[in-house]
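Going by numbering that gives the first Met the number 0, the sequence shown wraps up at 775, each residue one higher than the last.
Check before you lean on any hint, since a few could be wrong.
Here are the simulated lysine to any residue pairs, SDA-like style, with alpha carbons at most 20 Å apart [unchecked claim]:
no.: 1; residue 1: K645; residue 2: V589
no.: 2; residue 1: K731; residue 2: A694
no.: 3; residue 1: K300; residue 2: K645
no.: 4; residue 1: K224; residue 2: D279
no.: 5; residue 1: K645; residue 2: C587
no.: 6; residue 1: K314; residue 2: A344
no.: 7; residue 1: K224; residue 2: T183
no.: 8; residue 1: K161; residue 2: A151
no.: 9; residue 1: K224; residue 2: P180
no.: 10; residue 1: K300; residue 2: A341
Derived CB-CB ranges, DEER-like [unchecked claim]:
no.: 11; residue 1: A610; residue 2: L316; range: 51 to 59 Å
no.: 12; residue 1: E674; residue 2: E187; range: 24 to 32 Å
no.: 13; residue 1: V264; residue 2: D320; range: 26 to 34 Å
no.: 14; residue 1: P668; residue 2: A610; range: 53 to 61 Å
no.: 15; residue 1: G644; residue 2: E592; range: 15 to 23 Å
no.: 16; residue 1: A439; residue 2: A166; range: 52 to 60 Å
Simulated from the structure, these hints should not be mistaken for laboratory data.
The C-beta atom is built at its ideal place from N, Cα and C for all residues, glycine as well.
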Amino acid sequence: MRSVGAISFEEFLTTLDGEALAALLTARPDACIEPVPRGFAQLAQRLTGANSISVALHTIDRDAMCVGQAIAVLRGAATVPAVARLLDAGEQAVRAGLGELTGSGLVWCDGVRLRMPEILADHWTAEAGGGAPVARLASSVLLDDLRVAAFAFGVDPDGVRKAELAARLAEAMTDARSLIPRITDLSEPVRDRLDELRLGGPAIYFGFAPAGRRATDPSEILIAKGLALRTRSLPEVPREVAVAAWLTENDLRLTGRPTVPEAGVEATSVGSAAQAAARDAIRGLSTLLDEAGRAPLVALKRGGIGPRERSRLAKRLSIVDDELPLWIDLAYAAGLLDETDAGYAPTGDYAGWRDAEPARQWAVVALAWYRLEHAPLSRDAGGDRELPPPLPLGSAAGAVRRAVLEVSRPGRSVRGGGAEVGWFYPMHPYDPETLAEKVAAAVREAELLGVAAGDRVSELGEHLLATTDGPGDVVDDLADRCSSLLSAAACTVILQSDLTAVVSGQAPAAVSRLLAASAVREARGTAEVWRFTPASVRAALDAGWTAERLLDELADLTDRSVPQPLEYLVHDVARRHGSVRVRPVRSCLVADEVLVTEILNTRSLATLRLARIATTVLTSPQEPDEVLARLRAAGLSPVTEDDSGKIRVEESREHRAPAPADPIARPAPRLSAAELARQLLADPRGDHAPVGAAATRRLLTRFNPDLDDSEVALLAHAVDTGGDVLIAYRDKNGSHTIRQIRPMRIFDRWLESWCYLRNAEREFTVANIESVAPAG
0 MRSVGAISFE EFLTTLDGEA LAALLTARPD ACIEPVPRGF AQLAQRLTGA NSISVALHTI
60 DRDAMCVGQA IAVLRGAATV PAVARLLDAG EQAVRAGLGE LTGSGLVWCD GVRLRMPEIL
120 ADHWTAEAGG GAPVARLASS VLLDDLRVAA FAFGVDPDGV RKAELAARLA EAMTDARSLI
180 PRITDLSEPV RDRLDELRLG GPAIYFGFAP AGRRATDPSE ILIAKGLALR TRSLPEVPRE
240 VAVAAWLTEN DLRLTGRPTV PEAGVEATSV GSAAQAAARD AIRGLSTLLD EAGRAPLVAL
300 KRGGIGPRER SRLAKRLSIV DDELPLWIDL AYAAGLLDET DAGYAPTGDY AGWRDAEPAR
360 QWAVVALAWY RLEHAPLSRD AGGDRELPPP LPLGSAAGAV RRAVLEVSRP GRSVRGGGAE
420 VGWFYPMHPY DPETLAEKVA AAVREAELLG VAAGDRVSEL GEHLLATTDG PGDVVDDLAD
480 RCSSLLSAAA CTVILQSDLT AVVSGQAPAA VSRLLAASAV REARGTAEVW RFTPASVRAA
540 LDAGWTAERL LDELADLTDR SVPQPLEYLV HDVARRHGSV RVRPVRSCLV ADEVLVTEIL
600 NTRSLATLRL ARIATTVLTS PQEPDEVLAR LRAAGLSPVT EDDSGKIRVE ESREHRAPAP
660 ADPIARPAPR LSAAELARQL LADPRGDHAP VGAAATRRLL TRFNPDLDDS EVALLAHAVD
720 TGGDVLIAYR DKNGSHTIRQ IRPMRIFDRW LESWCYLRNA EREFTVANIE SVAPAG
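Make the full structure from the sequences, and use the hints.
Written out as structure tokens, the structure is:
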């Protein structure tokens, strides 16, 4: 990167070479989401958007944040030496934090001065408050009042013109650190008044207090000490004083990167434990989803799987009770489990996942866990009510998890990294106790998945972290990396004389289905134990198996003969099976004997499959409404009865078309950082890049001219392709919300969209969309 003169952020971006530009885009992956920026102007617009900056802030460490805050409060006077003075730190430490900020595109160098997007500077300085710098504020201050302030700072005001006096006072206030002792020496009432004034508290009008009391009035004391200036009979705190007061409330010392201890074990010694945990995780998920495939998991009315159903599942499947939310959440996040009318059941993708190689099974689940935004083993509560899995919820636990893993690689203590995560991720919203809970949950989840073992990131975990930043679908890449570590283990089934089957290795779906149909799982772990009982064998016969077929299938599972006690059990249950039969009946017809005979012999009613069970009674497996309609079509006049035999009066019902299936949020396609950098350098103005439907862009620009080119391109692309975007929206009442939407069409001045927040279709006034960002 070459040194340049005064430049804008867009111009700064054009000075980066391919390697530096690719590194910046890697740090800001939202810029790589389609539609990618066309030229450096759109790239600058996207990177300075509020959502993009917010995401980037969650990736910087504490020292970088302190340096950024110092640059923000110094504004145009921000240089490396000035930042070092403000933070009372060495320039080398400042440059270390500055490197992270510039590498993330949050700060750039404008000659010798440091600059950042105005929106970020405003965000960081909002807590400081205060008015204009003293040099500018002085123009609205009477000379006598300016002399009072100058005298308080040791500047001789005699014979000095106002402009020169203002310059000397500004110079005396330049060093914010030198102002701190003046502020800390203030009495509590005076300090409170200072904070009121700098943060926009109640205004105090002079002249209302008696002259005798002005010596004790907090505002007068601030003016006498030069910490406030009287403007139009009102006190105003200069910017320099506000910054110094803010510094007294915030610990901005640069501490340097904390030392994370080395892990106490070697990587080779944790490999087998991590691989065993990964295999057990796959078995746990397979067990859960196989069970959901046989009978959907019971859902609460508000959604999610409640404690009672989880307790039942844990006992039935031999899964640790408090680990079950992890498997439920991961199955849902990986797209293997979803809610149906009957409860939660496997999706269409489950069959392919179930038959895949273990490495690919683990890759799908591990990536879903890494990207998950909450901690399944420490789900945030919604007030006093539990938010049961797999209901999604907003949380910063996912960012904590990713920070802990990154800090702990390579070869460092996972728990030691967790203890220092507050420095590496200062934007977390948790108090120390809650943060410790999220870290503990992250570590335990990592160990259950084989991502960590023995207090260090495993080889599987290293592969996971190495592939998460790639473009597009990285499942294949991760599966390839892990194939040698999670090769398919041979499945062995031993049928024993005590009516049990011991299964070692990963059981194929066919084996699991056979055992689940005819036996009951007793234990799950390195080897699974299944027990055959009269009830379990009867259930297999109920499902259509015959004794001969069941014994043949069991014999195919092993190279030994089926134990004699198991043969006796199957044949004994088969001998008694079906001695009592139950016929399903949905409708029952009652009439006199002659009419019953007529109905039974009417050819047009043959499809009702009527059966005579008494001289005046017919039954049908068809629904009552269907039977009524067919009888009336045959010229008869039937009526319906309730359970007591009383005639029911039919009520007319309104019929409505079923609601369309809810759209599912899906990851947006993206380019690699290297490819986008190549495109930008080859076409810096975006003259030759495809621009999509010009008509949609023109329409959006006409309805909302405040959106920049990058935002219009994002929104137009979503309208034309049915993709998702994030919008900041102001409704007619002035309320502001952030919505993820899927636009469908522009209708007059409204944007018809699916709103994920409301889980329903909504119309958004285009003019009220304040910003647009990728929904990455």
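Hints and how they fare:
For the suggested pair K645 and V589, the alpha carbons sit about 13 Å apart, so the restraint of at most 20 Å is met. For the suggested pair K731 and A694, the alpha carbons sit about 27 Å apart, so the restraint of at most 20 Å is broken. For the hint pairing K300 with K645, the CA-to-CA distance comes to about 33 Å; that exceeds 20 Å, so the pair is violated. Note on K224 and D279: the hinted pairing is violated, with a Cα-Cα distance of about 70 Å set against a maximum of 20 Å.
A distance of roughly 14 Å separates the Cα atoms of K645 and C587; the hinted pair therefore holds under the 20 Å criterion. Under the criterion of a C-alpha separation no larger than 20 Å, the hint pairing K314 with A344 is consistent with the structure, at around 19 Å. The straight-line distance between the Cα atoms of K224 and T183 is roughly 13 Å, inside the 20 Å bound, and the hint therefore holds. Proximity of K161 to A151 is assessed by CA-CA distance (about 16 Å); at most 20 Å being required, the pair is judged to hold.
Proposed proximity of K224 and P180 is supported: the alpha carbons are some 12 Å apart, at most 20 Å. With a C-alpha separation of about 11 Å, the suggested pairing of K300 with A341 holds against the 20 Å cut-off. Our hint of 51 to 59 Å for A610 and L316 is violated, since their Cβ atoms are close to 41 Å apart. For E674 paired with E187, a C-beta distance near 59 Å fails the hint of 24 to 32 Å.
The hinted range of 26 to 34 Å is satisfied by V264 and D320, whose Cβ atoms lie roughly 29 Å apart. The hinted window of 53 to 61 Å between P668 and A610 holds, with their beta carbons roughly 59 Å apart. Range check, G644 to E592: about 18 Å between beta-carbon atoms, so the 15 to 23 Å window is met. Evaluation of the 52 to 60 Å hint for A439 and A166 yields a pass: the beta carbon distance comes to about 57 Å.
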